[in-house]
Amino acid sequence: MRNVDDIDRQLLELLQQDATRSYTALGTAVGLSAGAVHERVRKMRERGVIRRTSVDVEPAALGQGVLAFALIDSSVWMGDRAAEFAAIPEVQEAHVVAGSASVLVKVRTSTTARLQDVLRRLYDIQGVSGTKATVVLETFFERPISPLGQ
Numbered sequence: 001m002r003n004v005d006d007i008d009r010q011l012l013e014l015l016q017q018d019a020t021r022s023y024t025a026l027g028t029a030v031g032l033s034a035g036a037v038h039e040r041v042r043k044m045r046e047r048g049v050i051r052r053t054s055v056d057v058e059p060a061a062l063g064q065g066v067l068a069f070a071l072i073d074s075s076v077w078m079g080d081r082a083a084e085f086a087a088i089p090e091v092q093e094a095h096v097v098a099g100s101a102s103v104l105v106k107v108r109t110s111t112t113a114r115l116q117d118v119l120r121r122l123y124d125i126q127g128v129s130g131t132k133a134t135v136v137l138e139t140f141f142e143r144p145i146s147p148l149g150q
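Going by the UniProt record's numbering, the sequence shown opens with residue 1, and the numbers climb by one from there.
Any given hint could turn out to be false.
Quick list of in silico lysine to aspartate or glutamate cross-link-like pairs, EDC-like style, CA-CA up to 20 Å [as the list claims (entries may be wrong)]:
{"hint": "1", "residue 1": "Lys106", "residue 2": "Glu138"}
{"hint": "2", "residue 1": "Lys106", "residue 2": "Glu93"}
{"hint": "3", "residue 1": "Lys132", "residue 2": "Glu93"}
{"hint": "4", "residue 1": "Lys43", "residue 2": "Asp8"}
{"hint": "5", "residue 1": "Lys106", "residue 2": "Glu84"}
{"hint": "6", "residue 1": "Lys106", "residue 2": "Asp73"}
{"hint": "7", "residue 1": "Lys106", "residue 2": "Asp56"}
{"hint": "8", "residue 1": "Lys132", "residue 2": "Asp73"}
{"hint": "9", "residue 1": "Lys43", "residue 2": "Glu90"}
{"hint": "10", "residue 1": "Lys43", "residue 2": "Glu13"}
{"hint": "11", "residue 1": "Lys43", "residue 2": "Asp6"}
{"hint": "12", "residue 1": "Lys43", "residue 2": "Asp5"}
{"hint": "13", "residue 1": "Lys106", "residue 2": "Asp80"}
{"hint": "14", "residue 1": "Lys106", "residue 2": "Glu142"}
{"hint": "15", "residue 1": "Lys106", "residue 2": "Glu58"}
{"hint": "16", "residue 1": "Lys43", "residue 2": "Glu58"}
The set of hints was computed from the structure by calculation and includes no laboratory data.
These numbers were taken from a predicted model, which means no experiment stands behind them.
From just these sequences and the hints, can you work out the full model?
Here is the structure:
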């Protein structure tokens, strides 16, 4: 990471576990004052190390229990189509990939019928020539990036 020392890495690990921790609690954990921790976190935000703070919501609680990944085949370069993928609200992530497909998308919907509708809308994106969707039956775990290494 750009100019991230061991204390910053510890702070990132703690914030990923619970972003609501106070600067005092964070400071106690890493041996710094609350003010020093606040300044470090502010600088990491400014440098883009911390991109955002968010709440991790259980998708099924909001009626979004169907998770699928779809490989998108195309007849043209898709690297300039990000806005078209982003315009489909059920698409949570979209990645240009190397290999047999051009784009990999992560989709959350309420039902498989809604998933089918999303796949139809993906086909409407100029250059899309096919999709290969895989529906997730169970998620064992999802892991954030570890600032402390592997």
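Hint-by-hint comparison with the structure:
no., hint, verdict
1, Lys106 / Glu138, "15 Å, holds"
2, Lys106 / Glu93, "5 Å, holds"
3, Lys132 / Glu93, "16 Å, holds"
4, Lys43 / Asp8, "10 Å, holds"
5, Lys106 / Glu84, "14 Å, holds"
6, Lys106 / Asp73, "15 Å, holds"
7, Lys106 / Asp56, "16 Å, holds"
8, Lys132 / Asp73, "8 Å, holds"
9, Lys43 / Glu90, "33 Å, violated"
10, Lys43 / Glu13, "16 Å, holds"
11, Lys43 / Asp6, "15 Å, holds"
12, Lys43 / Asp5, "12 Å, holds"
13, Lys106 / Asp80, "18 Å, holds"
14, Lys106 / Glu142, "13 Å, holds"
15, Lys106 / Glu58, "16 Å, holds"
16, Lys43 / Glu58, "31 Å, violated"
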